[in-house]
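Residue numbers (our numbering): 16 to 65.
I should point out that these hints are in silico values taken from the structure, not numbers from a laboratory. Treat the numbers as computed from the prediction; the structure is a model and nothing was measured. Note that CB positions come from ideal geometry on N, CA and C, so glycine has one too. A hint or two may mislead.
Stated by the list, open to error - Label-pair restraints from in silico Cβ distances:
(1) Glu48 x Cys17: 39 to 49 angstroms
(2) Leu36 x Gly58: 33 to 43 angstroms
(3) Glu35 x Gly58: 52 to 62 angstroms
(4) Ser21 x Gly58: 24 to 34 angstroms
(5) Glu20 x Asp56: 29 to 39 angstroms
(6) Arg24 x Lys46: 45 to 55 angstroms
(7) Glu57 x Ser21: 52 to 62 angstroms
(8) Gly58 x Thr25: 44 to 54 angstroms
(9) Arg24 x Ile54: 25 to 35 angstroms
(10) Ile54 x Cys17: 30 to 40 angstroms
(11) Glu57 x Asp28: 53 to 63 angstroms
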Amino acid sequence: MCEQESILRTIEDALFKMNELLSDMQDDINKMEARIRQIRDEGTYEEGWP
């Protein structure tokens, strides 16, 4: 049972870290979306660019 608990703890730790990374990625995506909106609102957005 001890080995099983160790494996479960490792999985739990990995999932926690993955959740932190995904949260950081979502923050970065939100910042990029805000910057894109700002560029479009300023009129410096050029058609043809993604």
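For each hint, the structure was consulted:
{"no.": "1", "hint": "Glu48 x Cys17: 39 to 49 angstroms", "in the structure": "47 angstroms, holds"}
{"no.": "2", "hint": "Leu36 x Gly58: 33 to 43 angstroms", "in the structure": "35 angstroms, holds"}
{"no.": "3", "hint": "Glu35 x Gly58: 52 to 62 angstroms", "in the structure": "37 angstroms, violated"}
{"no.": "4", "hint": "Ser21 x Gly58: 24 to 34 angstroms", "in the structure": "58 angstroms, violated"}
{"no.": "5", "hint": "Glu20 x Asp56: 29 to 39 angstroms", "in the structure": "54 angstroms, violated"}
{"no.": "6", "hint": "Arg24 x Lys46: 45 to 55 angstroms", "in the structure": "34 angstroms, violated"}
{"no.": "7", "hint": "Glu57 x Ser21: 52 to 62 angstroms", "in the structure": "54 angstroms, holds"}
{"no.": "8", "hint": "Gly58 x Thr25: 44 to 54 angstroms", "in the structure": "52 angstroms, holds"}
{"no.": "9", "hint": "Arg24 x Ile54: 25 to 35 angstroms", "in the structure": "46 angstroms, violated"}
{"no.": "10", "hint": "Ile54 x Cys17: 30 to 40 angstroms", "in the structure": "56 angstroms, violated"}
{"no.": "11", "hint": "Glu57 x Asp28: 53 to 63 angstroms", "in the structure": "44 angstroms, violated"}
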